[in-house]
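Chemist: Could you put the whole structure together from the sequences, leaning on the hints where they help?
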Amino acid sequence: MSAAARKSVLVVTRHAQPGRSLARAALDTTLATAAFDQPVNLLFLGAGVLQLIPHQDSSAVGVRNLRKVIDSMPLYDVEHCYVDTDAAQRHGLTTADLPSGAILVDVAAQRALFDAHHHILGF
Amino acid sequence: MGMAVALNYCLLIMAAPASGYTSLTAARFGAAVIAQGHILPRVFFLDGGTSNGLATAITAQDEKSPLTEWTQLATAHGTELVLCVSSAVKRGLLDSAEAQRHGFPAATAHPQFALGGLGLLVEAMQSADRVITFGAPE
Amino acid sequence: MLPATAFDREGFLKTRQAWSPAVAEQIAAGEQIELSAAHWEIITLLRAYYEQFDSSPAMRPLVKWVKIHLGADCGRSVYLLSLFPGSPAKIASKIAGLPKPDNCL
Amino acid sequence: MLHTLNCSPEHPALQDCLKLLRAEDALLLLGDGVYLALAQCSNGQALQATGAALYVLEADARAAGVHARLALGFNVVDDAGFVALTERHARQMAWY
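Residue numbers (our numbering), protein chains in the order written: chain B, 87 to 209; chain P, 31 to 168; chain E, 6 to 110; chain D, 2 to 97.
Some hints could be false.
Stated by the list, open to error - Interface residues of chain D toward chain B, partial, derived using beta-carbon atoms under 7 Å:
(1) D17
(2) K20
(3) L21
(4) R70
(5) M94
(6) A95
Unchecked claim - Label pairs and their calculated CB-CB ranges:
(7) A144(P) with E15(E): 14 to 24 Å
(8) L73(D) with Q130(P): 22 to 32 Å
(9) G105(B) with T86(P): 43 to 53 Å
(10) G35(E) with A106(P): 39 to 49 Å
Keep in mind the hints are simulated off the structure, nothing from the lab.
Ideal Cβ placement from N, Cα and C applies to all residues, glycine included.
Modeler: If you want it as structure tokens, here you go:
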């Protein structure tokens, strides 16, 4: 498949975890798309930013630590992820809390992301 | 409305059949896509959506069964129905290979659904002109 | 030697805590692999990956992870294939006592 | 682009959708989303203010009883109409 023929995918993750498995599904889809060498970006929108709270310890509930998996994205060559500025502020997340390579995006920049990809997957 | 070219569609289903009628809407949409002259080579079921492939789901006689709607789509038009394998096995949906691997006597996924990796979604998205997602609030 | 009941049907350790270097040798023997220093480098890196990212890597991130830590000569899929023929991410994870890399990846 | 909204008027997804909705977009209400098309729904009025083309899926509107008390400005589409919306718009975002 030539690079020009590749279709880019924007994954929009809008739900918090560990309450819902959708957050995990969004991340798995992002990683799988990247693992198959297809262009993909991940946007944390609304309550989705809550997935980024640092120092998560899910050992007592017995599920995988989602934030740690999020931190592996650069190894899948997903160098950047996009984070809803308003929602981050609303939930008290600062730049220091975010994964390396995170880019804060206001509504206009979020919309530009929507328009810049071939497909959008809403989780 | 005139349509110049047939488009290639891929559906991504996240809605579970028992939590509302979104999966019925999605199956109807799939049929309408084909009726309008487009092609629908693959429907990918992810997360709660994988329950659409549960062979043992019982629907009341006077209601529509999502399982029947999906399998009719597959039978009539050759649409491939793929359940994300890790979402599926978590929910007890096993094909005969997975059932054997985990030591269960029989498959619980309907035989017209295949278990497969997210790579099959990635592949479908690459060839699709349209990817339409169906999710539902819990 | 751990009994067969310590492993699942595909030979992955059921509990990560049961792992030891001796167990790694046992699993590797089952895969017809004799562990060399080069194998151990990768196994140690894989266990560090799991510690940091709470998941077993797919092939692509594994290659990159190895490249970061051992340099470009080792951070290549052919190199990993020569050590763990067939499916390096899966086989090396198995020997390192980690869960099977996610089916979906 | 096409937005589909499948949640009640009280759900936070609506606020996110409202922020991203542009006048050149289309929005199709599905499932519990059809309640936004009720006359008198203030959130429905906020949707109208975006200038986007607003649609309600016929089967779902009927199932909810909304078809009989639809606000002006919401167009009813059947399944073929839904497909036509996806023909016209290359991208879809599902809000739920």
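Chemist: Now tell me, hint by hint, if it's right for this structure.
Modeler: Here is how each hint holds up against the structure:
no. : hint                            : result
1   : D17                             : 5 Å, holds
2   : K20                             : 5 Å, holds
3   : L21                             : 6 Å, holds
4   : R70                             : 28 Å, violated
5   : M94                             : 5 Å, holds
6   : A95                             : 4 Å, holds
7   : A144(P) with E15(E): 14 to 24 Å : 20 Å, holds
8   : L73(D) with Q130(P): 22 to 32 Å : 59 Å, violated
9   : G105(B) with T86(P): 43 to 53 Å : 27 Å, violated
10  : G35(E) with A106(P): 39 to 49 Å : 47 Å, holds
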